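Visitor: What follows is the residue order along each chain.
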Amino acid sequence: MNKKLKKLATLISASFATNASNADVMHALKPKLLENDSLSVSLLNQSVSQILAAHRSHSSHGSHGSHRSSSGGGGYVAPSTTPSQSQTKKSTVTRPKKQADPLGQAPRPKSSYPPNQSKDLTSTLKDKEKRKNIIMRMQLALQFEGLYGGAVDGILGPKTRAAILAYKKSKGISGEKVLDAKTLNAFGILGF
Amino acid sequence: MVEPLRKRTFSANNESLLTGMYVVESSNAKDLVIPHLPVIDKASINNGLWSSGVTSGDVVYYNQSTNRMRTILTSNSNENTLLVTEQCENRCLFCSQPPNERDDIELYKNATLALLNFNAESVIGITGGEPTTNKKAFLTLLHQLDYFNNKTKLHILSHGRNLSDINFVEDIQKCIGSREISWGIPLYGHKSSLHNRLVNAQKAFDETLQGIVNLSAFGQVVEARIVPVTHNIHHLINIINFLVNSFQNIKQISIMNLEPIGWAKKNYLELFVPVGKQNVYLNEVINICLAYGVSIQLYNYPLCLLNDNLRAFSVRSISDWKNYYPSGCNQCARQQVCGGFFTSSTGKYLEDVEPFQ
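For the protein sequence lines, the chains are A and E, in the order given.
Quick note on the working numbering: the first sequence kicks off at 1 and runs consecutively.
Quick note on the working numbering: the second sequence kicks off at 1 and runs consecutively.
Hint data in this document are derived by calculation from the structure and do not stem from the laboratory.
The model shown is predicted, which means the values in this text are computed figures rather than measured ones.
Check before you lean on any hint, since a few could be wrong.
Unchecked claim - Some chain A residues close to chain E (C-beta under 10 Å, calculated; not the full set):
hint : residue
1    : Leu140
2    : Ala141
3    : Val152
4    : Gly154
5    : Leu156
Every residue, glycine too, gets a C-beta built ideally from N, C-alpha and C.
Using the sequences plus the hints, can you model the full thing?
Guide: Take a look at the structure:
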């Protein structure tokens, strides 16, 4: 049991570690998870739907326990040589200490992170055309949900805003933001 | 042998792709004012069949867990069809796409996005399930296409029962604008007992007929579809007589040979009539249609099994991704013009062929 918890903690912290956009850490992380603990990996991945995994840039959020790449069966490529000191050893159950280091950080509490730290999304939303397109996609979906009767014009007016919030509520998604990664993921709108 | 197009999937070579719908890079789509799908570049599609498999402007769906993508709409297909729902009120004994009652509004959303992004003027089929089961979603789809000035022609495969509501047909008419639409409506009997039995639903016959009448009131064109099975083959002539005598807006009659898939597989022995035994009935109905000036087509009849005089009415397959030629056809001189069999017709569902020299 203790061991399982430890693994869980490792995995959660892994998501924070990757936020540092440290490619080496990513490389070191993946194979170990796959080899040593595939059960835990798949369990955690299942809790993150494909849609939720879409905006991976939002990894700072604690609820994103996993990353796209670890679930993309077949898409995984062997790690580069840089972090592979530990990997050169034949894979065994024991974990090399060196590798555990970056992952060993205790996960920081959610509250210390602003909910929308997504660099990709922020820059996307600054692009007027892209922002308009995202809103149009949402409006179109909301029309089919029967929550929005206005025009699909890409303008985030009060009706659209209210409809998005109603949609979030119906999907059980918390928060009052209408254009954060969590919301876009709920709509299944991929990054642009 | 023609490979079924949509059976062919493509692998992706871009690790950052996410599950969802994409449009293959296309220069002319950018200027459109529509809700755009994300663009996938050619380099992300890992296939040696670029020229025959997928083209600029095609709409594809990528599945991250399998790292494969399949085409949704492609200009390489002779029949593009979008599934908008799996729900249906009928329970046809030979249903090829057995209904599913779960909430599948996502299919409608995706179909609308696909149509807008594909932006073709060619005919695209709308199928299900029953596309009009969710009336509001159906109207929203038509309305959005109209709103974004999309010119796609639609062929809608519907059991027509919901069209018995004249207000609904009126609403449809408002959303259609100048769009060309044709309705494919199946009628399997000339009387309610026969039709209702085959579709396993009460009131179906009356509602379907009322639907065709309502479409007629708005000048909508209907293609009547009949699947000859054990129960109705003797009445084929009656069904056709009824149709051509009663409805002005039925411009075409399509006789579809049983497709051994879905529930038809389960009920195959009960339903199936060999083509050799259908010939005499087909001959009768073709003469009627010729006399009334209604066009008639035979779908999915292998040419060699039809009587000589019927072959001219046979159409080469329903959809390119569904047709198939068994090895006996390899030497056949007429394979290129023959509909062959359904892809699902293997083993016991296959009739013996007689290749043309």
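Visitor: Honestly, which of those hints from before does the structure not fit?
Guide: Of the numbered hints, just 5 does not hold.
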